[in-house]
Amino acid sequence: MEKEQLAISVKFMGELRALLQRRTLTVNLPQGSTVGDLFASLSGNYGEPFSSRVFTHSGALQHYILVFLNGQNIKDVGGLAAGLGDGEVEIVMLPMFEGG
Amino acid sequence: MKMASEWIPTACGMCYVGCGVRVLVEDGVVVKIEGDPNNPQNQGVMCAKGKSGIMNLYNPHRVKVPLKRTNPKKGMYEDPGWQEISWDEALDTIAAKLDAIRDEPQKLYVQAWEITGDCFYWSIAFGSAFGTPHLMGNASATCGKVIHPVEFFSGGGFHQQPDLHYCKYAILVGTQFGLGARGAFNHITMDMADARARGMKVISVDPVASHAGSKANEWIPIRPGTDTAFALSMLHVLLNELGLYDASFLKHKTNAPYLTGPDGRYRREPGSNKPLIYDAADKQIKVYDDPTLRDPEIIGGGEGGRPTFELLKEHVAKYPPEKTEEITTIPAATLRRIAREFGEAASIGSTITIDGVTLPFRPVCVDWAKGPQGHAHGFHQSWPLKLLNIVMGAVNVPGGILSTAAAGKRPHRWWPEGGTDGMLEEGGHILPLPHPKAFPGRTPTKPFRIDLAELFPLAPHFHTLLPITAQQKERFGLTYGIEMLFHMPTNSLIGSFGDIKLVESFYQSIPFIAGFAVEINETNLFDDIVLPFPSYLERADFVSGTNLLMPHCGKDDWLWQIRQPVVEPAPGLRQPQEVLMELADRVGILGDFYRLINHTFRLKDSYALQPGQRYSINEVIDRMTRCWFGDEHDLAWFNEHGVIRIPKDVDEAYIGPFLDARLPIYLEHFLQRGDELQGVVSQMGLDWDLSDYKPLSEWMPCPSYHAIKKGQYDLIAVHYKLPYVYGSFGNDNPWINEICERTPNAYNVLVNEDVAKTKGISDGEEVWLESPATKVRVTAKLTQCIHPQVVGVAGHFGHWSPGMPIAKGKGINFNQLLPTDLEHIDKISTALDHCVEVRLYK
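Read top to bottom, the protein sequences are chains A and B.
Throughout, the working numbering is defined as the position within the first sequence, counted from one, plus 63.
Throughout, the working numbering is defined as the position within the second sequence, counted from one, plus 2.
In short, the hints are calculated from the structure, not lab data.
A quick note: this is a predicted structure, and the numbers were derived from the prediction, not measured.
Take these hints with a grain of salt, some might be off.
[To be verified] Here are the simulated BS3-like pairs of lysine-lysine, each with C-alpha atoms no more than 27 Å apart in a straight line:
#1 B:217 - B:253
#2 B:761 - B:777
#3 A:74 - B:253
#4 B:325 - B:606
#5 B:320 - B:712
#6 B:411 - A:138
#7 B:606 - A:138
#8 B:325 - B:812
#9 B:503 - B:66
#10 B:203 - B:217
#11 A:138 - B:276
#12 B:276 - B:53
#13 A:74 - B:810
#14 B:844 - B:761
#15 B:810 - B:759
Put together the whole structure using the sequences plus the hints.
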């Protein structure tokens, strides 16, 4: 029996908003999907320009990628393994702060 | 707002340090400014800049109402034809321009550098909420481009500082630390005086004997752009001639024992991919974090590969002092003596007990800052200087080099952490923002950004490239341009780039420019809309300087202070944070803006800014102070007390022994990033210099070195700082001007006396100074306090804006001399080469 689908509302901020040329997106994923699954889906859709900026060489999120799941930083709710539900995912690519 | 005759605590804003001050206000007029004796940031003392702040507040040339340009023609000497307009018209115009590029946010360029207060963080959040990648978070074309990424992967914090409480021997290379510059300036200046009084030796290695050289025990003039050779030669003497290094530290706290193969890459365990180490205790090869590891081998390693330390030792042997003397002009005997003194003063193996905690004691350090960074190979000019501290084990321990603001436990915890290959990867910073780091770097890819950030996978700074690349878009496959610039009041036109003609052309190419102004400086001359920016004595800020990035190190109290207005802002002025909130509201990004402000300042739960709500800056700061320090420490508490002080534990002051991560001596990841970049630039058909992608530094000369050798030019011009001048900020101040006029080196150019004689140039004579970029008229000040091959230019002068009548026409702007092209950009850090070949003649 086919799993029920989740409709994930994704909002992009920071450099990703310009790179992907969109502010929002709806992604359909199976029930039980995680934030990691969402990123895998986005990598599939947007390819190397997305994944090269978002992931480190070891497959972790770059330190300048900030993800909020229903307003909560995913670092506080399980990281990429956090389960998706109804609601919104905000993905922010921040600049590294500078000095000098 | 307090308006009675009283002393009001606030934070100075005349430079980025942000000293704690008390301001005497009588009948609404500021009559005196003093240092706050209760504030650890400056311990009650002030500098000349701070004292002169009163003159900036009452500067009759300040901008106090929004202005619009009526002359569409833009240029360095074009009169903009300012017309006063209402705030509504100004913000309507800016919002309309933002709306027009809403779906292509990359066309917005934000110059966010306003580090005396909140606006740096607020404008980064604004630009990120809008969606542009073109956010400029620094001001200089050199400073900060290497020190921060290096410090975060080899110390854990934002910047470095000698431990003036315990250091016995400090070598300052291209910096005037504690004597003429740097964070927590007034605090470290007193610490430096105390350290020298108790016998700490200071060696200044610098082309110019400026404030640091004049106070040092010894000034060693060095040819500009040869710091790599100096550092590698010092390493050679220490490691190969004297055998002085902290073997235990190298074995257990660095990647010195990591085994490498013939390709220079780590040997790794199949499966886990972890780097391998040879354990001499049981003659076994193990992964770096094997719990049975007891005696990692740093020389030898057998068939398992060669430890990186062995490669380093072998590598630096190519730089004996006799060879580097020809490069640096530092006599071999001098270098050997300095290396021996440094190595012996390190007291390797000794310990010290502080507050009952026993720690390694290494009372030596090499400190460097702006000077070594500003070169075509700036990363490798700087990195081996840090290595000198690492091989002595003198990092984040008493007496050594300390990482600023790297760790803390209160009001919340922040701490550097290990990561990839067991190496220090995550820097510590009190704000949860991505820190600038060069390890392990990013994957290079075809650029989308006009500053070509994607081709600099180890750099955090990119803005210096914009005037170069914005006019060669097709070459890099870019199909759009910058259409709008929004800037803070920083004078980037003359301070953030090089060749002024190229910079003028870049600014002319941007269809719409809006920005803040304290006074109409040279950058504002290109504005279409000018927004007035309050004086620091009229402002309210939660962040009031750089004490969160570059505070004093050691055991002295941690602090947080806020800035409050001490006088009613002039009519027509608004708090800049409120202006940004209104702009965000007008362009429909207020909720996103709040999300990023909440994240930046750790505002949670009931303290978080709520979408759809509007706040005054006082309401925002009140939420911030209560969220961080408890409801009892609200804005009213801070307005009364100015500063909160929190004692530091030993492990916060000296994090080295408590850090669960290794420091690098060998940059293995440079090889992989270089290979990846080669693939990208080959695909793009670009001729790109990849010679900097080396795990061990080589000395690579700057273009000026070749130009001198070819005889095209005979001198090299360098820039150095003055303690009473901060960028071009505050230059239009009569008190600062008076100091500059009475100080022989401020508005004049330093020339070696003997060299001047051969050219027939006398003291005080006007002469031409010509670089490949431009030719300017300067006044020569003859001195013995400069390397004979060098011309020294101080401060940030050379103003021509009619809005700065006191500063106009005085001194010169150094940056205009700099050739600005990819050949002069460091391919690792993006620093612009700041040693430029020149001719000096009548």
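We went through each hint and held it up to the structure:
1. B:217 - B:253: Between residue 217 of chain B and residue 253 of chain B the Cα gap is close to 37 Å, so the pair fails against 27 Å, i.e. violated.
2. B:761 - B:777: holds, 18 Å
3. A:74 - B:253: It is violated: about 47 Å lies between the C-alpha atoms, which goes past 27 Å.
4. B:325 - B:606: This hinted pair is violated, its Cα atoms lying about 59 Å apart.
5. B:320 - B:712: Holds. Residue 320 of chain B to residue 712 of chain B sits at ~25 Å (cutoff 27 Å).
6. B:411 - A:138: holds, 19 Å
7. B:606 - A:138: holds, 14 Å
8. B:325 - B:812: violated, 42 Å
9. B:503 - B:66: violated, 30 Å
10. B:203 - B:217: The hint holds at about 10 Å.
11. A:138 - B:276: With a Cα-Cα distance of about 25 Å, the restraint between residue 138 of chain A and residue 276 of chain B holds, given a limit of 27 Å.
12. B:276 - B:53: violated, 56 Å
13. A:74 - B:810: violated, 48 Å
14. B:844 - B:761: The hint holds at about 9 Å.
15. B:810 - B:759: violated, 31 Å
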